[in-house]
Structures are given as structure tokens and as C-alpha cells.
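Please take these sequences and the hints and turn them into a complete structure.
Protein sequence lines correspond, in order, to chains X and S. According to UniProt numbering, the first sequence holds residues 1 to 318 in order. According to UniProt numbering, the second sequence holds residues 1 to 178 in order.
Please note that a few of the clues may not be correct.
Claimed, not checked - Residues from chain X that keep clear of chain S, each with C-beta distances beyond 10 Å, as calculated:
1. Thr43
2. Ser78
3. Gln112
4. Gln121
5. Ser258
6. Met272
7. Asp285
Stated by the list, open to error - Quick list of simulated restraints, FRET-style, between CB atoms:
8. X/Ser106 with S/Asn160: 53 to 59 Å
9. X/Ala295 with S/Ser82: 20 to 26 Å
10. S/Pro79 with X/Arg248: 51 to 57 Å
11. X/Arg34 with S/Thr17: 37 to 43 Å
12. S/Thr59 with X/Arg8: 51 to 57 Å
13. X/Ser85 with S/Asp73: 35 to 41 Å
14. S/Gly119 with X/Arg281: 42 to 48 Å
15. X/Pro286 with S/Thr40: 35 to 41 Å
16. S/Pro79 with X/Leu201: 40 to 46 Å
17. X/Ala295 with S/Arg55: 38 to 44 Å
Quick caveat, the hints were computed from the structure, so don't treat them as lab data. Quick reminder that beta carbons are idealized off the backbone N, C-alpha and C, glycines included.
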Amino acid sequence: MRHLLSTRSLDRDAAVRLLDIAEDMADTQTREVRKLPTLRGKTVVNLFFEDSTRTRMSFEAAAKRLSADVINFSAKGSSVSKGESLKDTAQTLQAIGADAVVIRHSASGAPQTLADSGWIQAGVLNAGDGTHEHPTQALLDAFTMRRRRHGAASRGRDLDGFRVTIVGDVLHSRVARSNVWLLSTLGAEVTLVGPPTLMPLGTAAWPATIGYDLDAAVDAGPDALMMLRIQAERMNDAYFPNAREYSRLWGLDDRRLSRLPGRSIVMHPGPMNRGLEISARAADDPRSSVLEQVANGVSVRMAALYLLLSGAGEDPTS
Amino acid sequence: MAARTVLHEADISRALTRIAHEIIESNRGPDGLILVGIPTRGRYLAERLREQISRISGTEVPVGTLDVTLYRDDLGRQPVRSPQPTQMPGDVVDGATVVLVDDVLFSGRTIRAALDALGDHGRPRAVRLAVLVDRGHRELPIRPDFVGKNLPSAQSERINVRVTEVDGVDEVSIEDRA
Numbered sequence: 001m002r003h004l005l006s007t008r009s010l011d012r013d014a015a016v017r018l019l020d021i022a023e024d025m026a027d028t029q030t031r032e033v034r035k036l037p038t039l040r041g042k043t044v045v046n047l048f049f050e051d052s053t054r055t056r057m058s059f060e061a062a063a064k065r066l067s068a069d070v071i072n073f074s075a076k077g078s079s080v081s082k083g084e085s086l087k088d089t090a091q092t093l094q095a096i097g098a099d100a101v102v103i104r105h106s107a108s109g110a111p112q113t114l115a116d117s118g119w120i121q122a123g124v125l126n127a128g129d130g131t132h133e134h135p136t137q138a139l140l141d142a143f144t145m146r147r148r149r150h151g152a153a154s155r156g157r158d159l160d161g162f163r164v165t166i167v168g169d170v171l172h173s174r175v176a177r178s179n180v181w182l183l184s185t186l187g188a189e190v191t192l193v194g195p196p197t198l199m200p201l202g203t204a205a206w207p208a209t210i211g212y213d214l215d216a217a218v219d220a221g222p223d224a225l226m227m228l229r230i231q232a233e234r235m236n237d238a239y240f241p242n243a244r245e246y247s248r249l250w251g252l253d254d255r256r257l258s259r260l261p262g263r264s265i266v267m268h269p270g271p272m273n274r275g276l277e278i279s280a281r282a283a284d285d286p287r288s289s290v291l292e293q294v295a296n297g298v299s300v301r302m303a304a305l306y307l308l309l310s311g312a313g314e315d316p317t318s
Numbered sequence: 001m002a003a004r005t006v007l008h009e010a011d012i013s014r015a016l017t018r019i020a021h022e023i024i025e026s027n028r029g030p031d032g033l034i035l036v037g038i039p040t041r042g043r044y045l046a047e048r049l050r051e052q053i054s055r056i057s058g059t060e061v062p063v064g065t066l067d068v069t070l071y072r073d074d075l076g077r078q079p080v081r082s083p084q085p086t087q088m089p090g091d092v093v094d095g096a097t098v099v100l101v102d103d104v105l106f107s108g109r110t111i112r113a114a115l116d117a118l119g120d121h122g123r124p125r126a127v128r129l130a131v132l133v134d135r136g137h138r139e140l141p142i143r144p145d146f147v148g149k150n151l152p153s154a155q156s157e158r159i160n161v162r163v164t165e166v167d168g169v170d171e172v173s174i175e176d177r178a
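See the structure below:
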């Protein structure tokens, strides 16, 4: 694997392979010594043009557990605020000797530009670009679902017949997009639910069912119910009258939680707005996998870094 | 590309029985032993050694599987390898005598990686090495303690170990790739 830019370009075998390697990585994290020598001498740069705590920390932990050196870059307080272009930043990284670049950018397609430009030789890992994709988040969500469904026998399995409902601000959500592509590739049935104003145009062409009624979606008994964050920083326009109305119609409150089957998983990519899209009780319920998702994120990112940084040249099997 | 069979099913069985006796003898009994197989075929050989030791001594020795992919020193020189599952018996590595089991001993680099990997699971009292075939051409100062068969070979030759669990047949063959 040369780059990891989107889940749309992953086929089933490549996705299952990555999830299987993530299982092996997760196994190593239960040992007495959790650090592996695998990527010794490699340099991973976390290039974050947009704020993030958990994704950056997760990538940093993943790279360090594999013994790679990590350089953290955030746009605030860097030359970017002095007007440096992406090209110049990239060429600086090339000169420093980066082997992989983990990039988060507010512009959709920035990682693709970096990968295709020829400015750098490093592998590029998309850590979220605009409203486009966030592939490692979708992979860790799929990993979490597979583990909850198949437990220790997860290796080699996909999510055939698994029913996932994704609720909320689909319009601005790169997590939703990455999940739609990946989960359908893995054989899951995806339903998107949210206010009509927060449904993007063109969802008819997506491999997903569209709904607008959360109560009906909960009563359908999904295997996983994924609540998306209401992204206050993107709320320039009035997509819904106010937060209380959103919460009443589209939030996972205690009433809806009580109607959700016991085997369902409640997921959230974080950070959560407790009381808005998810109630505190739902967030702390045994069905909630929020903290599992964070732990699994490290394993999945270790697998992605391993696939990008080991091996000589192009891998014939992927 | 003619492959010549050098060990048949009965030869392999006899070799493993002898190795099982030797392991017990050198350890003065089966106490404190752990057998650790290296995937793919080492894990099945380790399982068979466990059966033999159980038959001979009446003691069930713990068996583990240790994948060394993430510890290799040649990851950047060949296509990406997929790791295989590691299953170590819980909390018994410390102070135990670990017998690593592999099918073929060649350069010694796999065993070097295995020693590193083992160190991340605890601190064994001693580590021994059992292999079905030693084909020579060592690149590191590593030697086996228990050998099924010494098979002097040319670098260009390929040694194929097949076990029933994976390949449907027990045999060791030698193949000239030149």
C-alpha cells in the first residue's frame, strides 16, 4: 500500500487484510513490553492543519509503539500562519526525511494533492480532509463492529449482513462518508438518518438507505447506531432551529436508548456533545463502544503505518 | 526443477519422537518447559512435540505460537508480509525453559527475531532451539540444540517442509532452483 487516502478505493480483501493486521497489533498491546521494533529508523510526520487531539495522539501513539520517530506539526504557530504554501511545507518535510506524512486539512482533497504532486516521496495517510474522508476512523469503526460481532474469531471475516445506522450531520461528516464506502464494501447495510437540511445532495447514488425518522430507525433494531457529532464550528447557517429541537428529534436520548435492543452497539467518533446528539446515559451505557473505538484506533493506525512503511516498493498483493 | 523427497512421514515422526526424548533428557524432565512454535509450520511441529512429550512423560507441556514478522530485520527488503496470530500461554514465560520450534534453520535471522519477540513476553530462564531441518548457511552466531536432520544444501536449493495440517502431507523435499 503506497498511500491511504480514502476507503472508497479499498477493496474487500485489502480492507479485511488491514483489519486482520490490526488484530495482530492489538494482540501485541496486551504484552509486558508493548513497543515493537518494526519501524525503527522511519520518520512519521503528523501534519495537522486543523485542530485535533484524539486523532493526532492516536497516530502518535501508533507510530511510537512501532518505534518510528514522530514529528508533530500543527498549523498554529508555524510558518503556515506566515503564508507558507502546502507545496513549500511538503518540500520541507521531504528535506527533513519524512517516510510517511499523516495529514489533516480543512480542504477536501489536500491529501490527494500531496500524494499525486511529486513534491514528496513519503507515503501519505489521510487523517481527515474537509468534508471528504477520514479513512482510519471508518476502519476503526469497522474493526470495533467486527470485534463485537465475532470476538476472537474476527480474523478473515467481513461485516456481511451487519446493519449500521448513521445519525446526524451527514452533510459535513467525512466520518459518515468513509464509513458508507467501507461498510458497504465489507457487506454491511448502511442507513443514514438526519434532518433533510443536513443530508448532502447526491446520496441517492450512495450504497445506503436514507431516512429522516430516528424513532423508526431505532425500532428497526440496528446492529450498530452511530451518532455523529454536531459540528458547531461548521454551523454558519441555520440547519435546524435550535439545539433543543435537534436533540429532541435526532439525539439518542434515554427514551430511545431504552428501546434499542441489547445487542446493538452505540458508537460515536468523538468528541461527544453530551446532551445534544447523545445523552450522558447513552454515552456511558455498556452498549456504548466509545472508549473501545479510541483503543482500537491505535491498533488500526499501527496496521496502516505498517502497511505503508514496510515492504520494498509496491506490494503485489494489494 | 525436480524435487527430491529426503524425509517421508515415518522419518519425520521418528525425528520428532527422538527430539521429544532429547528435550526431556536435557531438561531432566518435563517441568518448567514451554514449547513455542514459529508460524507457519513450526506451530504444528510444536504441537506434535507436545503430544510426544505427553505420551513419554505423562505431563502436558504448555504450547504457544510466536509470530516474528514485526521483529524481522528484512521488512524493507521484500513485499509486505502479513503477520500471523501470536498465542502465548499466559504468564508462564518468566523463569521457564522455552523451546523454540521451527521447520528449517537457514540464515538464523528468523530465530534472532524470535529471541527479540520472546523478550517482549517475559524473561525465560533459558531458550533452546529445536528444528526439523538444519540446512546450514548461517549468517548469525545461532545454533540449534535439537535437530531432526542435518541437510547440507547449496544456496540455490530450496528446502520444502510440508506438514499434514497445512499441506495435506508430511514430507521434506529438496528442490534445485538454479
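Each hint, compared with the structure:
1. Consistency note on threonine 43 of chain X: stated as away from chain S, and its beta-carbon is indeed over 10 Å from all of that chain's, at 14 Å minimum.
2. The beta carbon of serine 78 of chain X sits about 31 Å from the closest Cβ of chain S, which is more than 10 Å, so the claim that it is off the interface holds.
3. Glutamine 112 of chain X, annotated as away from the interface, keeps every beta carbon of chain S farther than 10 Å; the closest lies near 22 Å.
4. Glutamine 121 of chain X, annotated as away from the interface, keeps every beta carbon of chain S farther than 10 Å; the closest lies near 14 Å.
5. Once the 10 Å rule is applied to beta carbons, serine 258 of chain X is consistent with being away from chain S; the minimum gap is 39 Å.
6. At roughly 33 Å, the least C-beta separation between methionine 272 of chain X and chain S is larger than 10 Å, which holds for a residue marked as non-interface.
7. No beta-carbon of chain S is positioned within 10 Å of the beta-carbon of aspartate 285 of chain X; the least distance is around 30 Å.
8. Our hint of 53 to 59 Å for serine 106 of chain X and asparagine 160 of chain S holds, since their Cβ atoms are close to 55 Å apart.
9. A beta carbon spacing of about 22 Å between alanine 295 of chain X and serine 82 of chain S agrees with the range 20 to 26 Å that was offered as a hint.
10. Proline 79 of chain S and arginine 248 of chain X have their C-beta atoms about 54 Å apart, which keeps the hinted 51 to 57 Å range intact.
11. Remark: the range hint 37 to 43 Å for arginine 34 of chain X to threonine 17 of chain S is upheld by a beta-carbon distance near 39 Å.
12. In this structure the supplied range 51 to 57 Å holds for threonine 59 of chain S paired with arginine 8 of chain X, their Cβ-Cβ distance being about 55 Å.
13. Evaluation of the 35 to 41 Å hint for serine 85 of chain X and aspartate 73 of chain S yields a pass: the beta carbon distance comes to about 39 Å.
14. A hinted range of 42 to 48 Å holds for the C-beta pair glycine 119 of chain S and arginine 281 of chain X, which are about 45 Å apart.
15. A hinted range of 35 to 41 Å holds for the C-beta pair proline 286 of chain X and threonine 40 of chain S, which are about 38 Å apart.
16. Checking the proposed 40 to 46 Å range against proline 79 of chain S and leucine 201 of chain X shows it holds: the Cβ atoms sit about 42 Å from each other.
17. A hinted range of 38 to 44 Å for the beta carbons of alanine 295 of chain X and arginine 55 of chain S is consistent with their spacing of about 43 Å.
Of the numbered hints listed earlier, not one is contradicted by the structure.
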